[in-house]
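Counting along the sequence shown from 1, when you hit position 155 you're at 597 in my numbering, and nothing is skipped either side.
No wet-lab data here; the hints were simulated from the structure. Idealized CB from N, CA, C, for every residue including glycine. Fair warning: there could be bad hints in the mix.
What the hints assert, rightly or not - Below, in silico cross-link-like pairs of lysine-lysine (DSS-like), each with a Cα-Cα straight-line distance of 25 angstroms or less:
| no. | residue 1 | residue 2 |
| --- | --- | --- |
| 1 | Lys667 | Lys606 |
| 2 | Lys597 | Lys510 |
| 3 | Lys510 | Lys497 |
| 4 | Lys597 | Lys533 |
| 5 | Lys597 | Lys497 |
| 6 | Lys581 | Lys597 |
| 7 | Lys510 | Lys667 |
| 8 | Lys533 | Lys667 |
| 9 | Lys581 | Lys497 |
| 10 | Lys606 | Lys510 |
Unchecked claim - Okay, the calculated beta carbon distance ranges per label pair:
| no. | residue 1 | residue 2 | range |
| --- | --- | --- | --- |
| 11 | Phe526 | Thr577 | 39 to 47 angstroms |
| 12 | Arg491 | Lys667 | 45 to 53 angstroms |
| 13 | Glu682 | Phe526 | 24 to 32 angstroms |
| 14 | Tyr604 | Phe526 | 17 to 25 angstroms |
| 15 | Glu654 | Asp674 | 26 to 34 angstroms |
| 16 | Thr568 | Ile686 | 14 to 22 angstroms |
| 17 | Asp674 | Thr577 | 27 to 35 angstroms |
| 18 | Gln506 | Pro539 | 15 to 23 angstroms |
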Amino acid sequence: MIKFFRKIRQQLLTENKISKYLIYATGEIVLVVIGILIALQINDWNTERENEVLKRTYYVQILQDLEKDRNRLIRANQGIDTFFVRLQAYKELFKKPDLPLWEAATALGGVFSEEAGLGWNFETNTNTVNTLRNTGDIKLIPLDIRNRILDFRYKVSGLMDYVKSESIIIANASMATQKIYGGADMPTRIGNQPKILAHFGKEEVALRSLLELEAILYEHALLVKNSRERTDDLIREIDEITEIIREDLEQ
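Could you build all of it, start to finish, from the sequences and the hints given here?
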């Protein structure tokens, strides 16, 4: 093809048809430019198609991460609900006339449970978001969706920092109390041991233990209540983000 065009140009020059040569040369340049533009457009189309496929792949991964986070948050709320059921049962116990201090202290210790203490101590999956940031592919996600996802991760991080800081305070207070009064089941064990009970000052130690443990309990309850409000907010965020991602996938 190149030889064919070169032959035409040489023929026009040989025949001294300068004007026709210039017109032909200009047309040839225009054709080359058009060819380049077409090639660039095709390349852009291919790039856009590849980016769209990659974006959809990320969307699927993000939706999977959000679903896992949602399930974790629901389990966290279940642990929180269990805690408040036990707390209410403890409060109801005080309607009993002449409630023994050791019985109250024993019931208070039962409010704390593994599921209540660890119910919302979860870790979210940030692999997809980290990959988007590290590779620069975050730009493939529409700005409004991108901001919602990053804001959600920021809120999750804030919740975890809050829970960890407050948990340290409560744990330190609990350890200090245990050094003085023993474990949560001490009231049950010591209640049947008159000599040990006498050593602790009989019911005086039970009263001090009850008051100090209650202080820890209500601090813990405040933490859990605030955490529940945040987890509810995060679940709503997940539902909204999931909806807008699915809408974008359907377009």
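Evaluated hints:
1. Between the alpha carbons of Lys667 and Lys606 the distance comes to roughly 15 angstroms, so the proposed pair stays at or under 25 angstroms and holds.
2. Only pairs whose Cα atoms come within 25 angstroms are accepted, and Lys597 paired with Lys510 is accepted, the gap being roughly 16 angstroms.
3. With a CA separation close to 20 angstroms, the supplied pair Lys510 and Lys497 stays within the 25 angstroms bound.
4. Of the pairs offered as hints, the one joining Lys597 and Lys533 is violated, with about 33 angstroms between alpha carbons and a cut-off of 25 angstroms exceeded.
5. Distance hint between Lys597 and Lys497 is fulfilled; the C-alpha atoms sit about 24 angstroms from each other, no more than 25 angstroms.
6. Pair hint Lys581 plus Lys597 holds up; C-alpha atoms about 21 angstroms apart against a cutoff of 25 angstroms.
7. A distance of roughly 23 angstroms separates the Cα atoms of Lys510 and Lys667; the hinted pair therefore holds under the 25 angstroms criterion.
8. Between Lys533 and Lys667 the CA atoms are separated by roughly 17 angstroms; this keeps the pair inside 25 angstroms, and the hint holds.
9. About 10 angstroms separates the Cα atoms of Lys581 and Lys497, which keeps this hinted pair within 25 angstroms; it holds.
10. Under the criterion of a C-alpha separation no larger than 25 angstroms, the hint pairing Lys606 with Lys510 is consistent with the structure, at around 21 angstroms.
11. For the pair Phe526 and Thr577, the beta carbons lie near 43 angstroms from each other, so the given range of 39 to 47 angstroms is met.
12. Restraint check, Arg491 to Lys667: a C-beta distance of roughly 50 angstroms satisfies the suggested window 45 to 53 angstroms.
13. Distance hint check: the CB atoms of Glu682 and Phe526 are about 27 angstroms apart, consistent with the given range 24 to 32 angstroms.
14. At roughly 18 angstroms, the beta-carbon separation of Tyr604 and Phe526 lies within the given 17 to 25 angstroms, and the hint holds.
15. For the hinted restraint 26 to 34 angstroms between Glu654 and Asp674, the CB-CB distance of approximately 31 angstroms keeps it satisfied.
16. As the Cβ distance of Thr568 to Ile686 is approximately 20 angstroms, the hint placing it in 14 to 22 angstroms holds.
17. Distance hint check for Asp674 and Thr577: the Cβ-Cβ separation is about 33 angstroms, which falls inside the suggested range of 27 to 35 angstroms.
18. A hinted range of 15 to 23 angstroms is violated for the C-beta pair Gln506 and Pro539, which are about 56 angstroms apart.
Of the hints listed earlier, those the structure fails to meet are numbers 4 and 18, in rising order.
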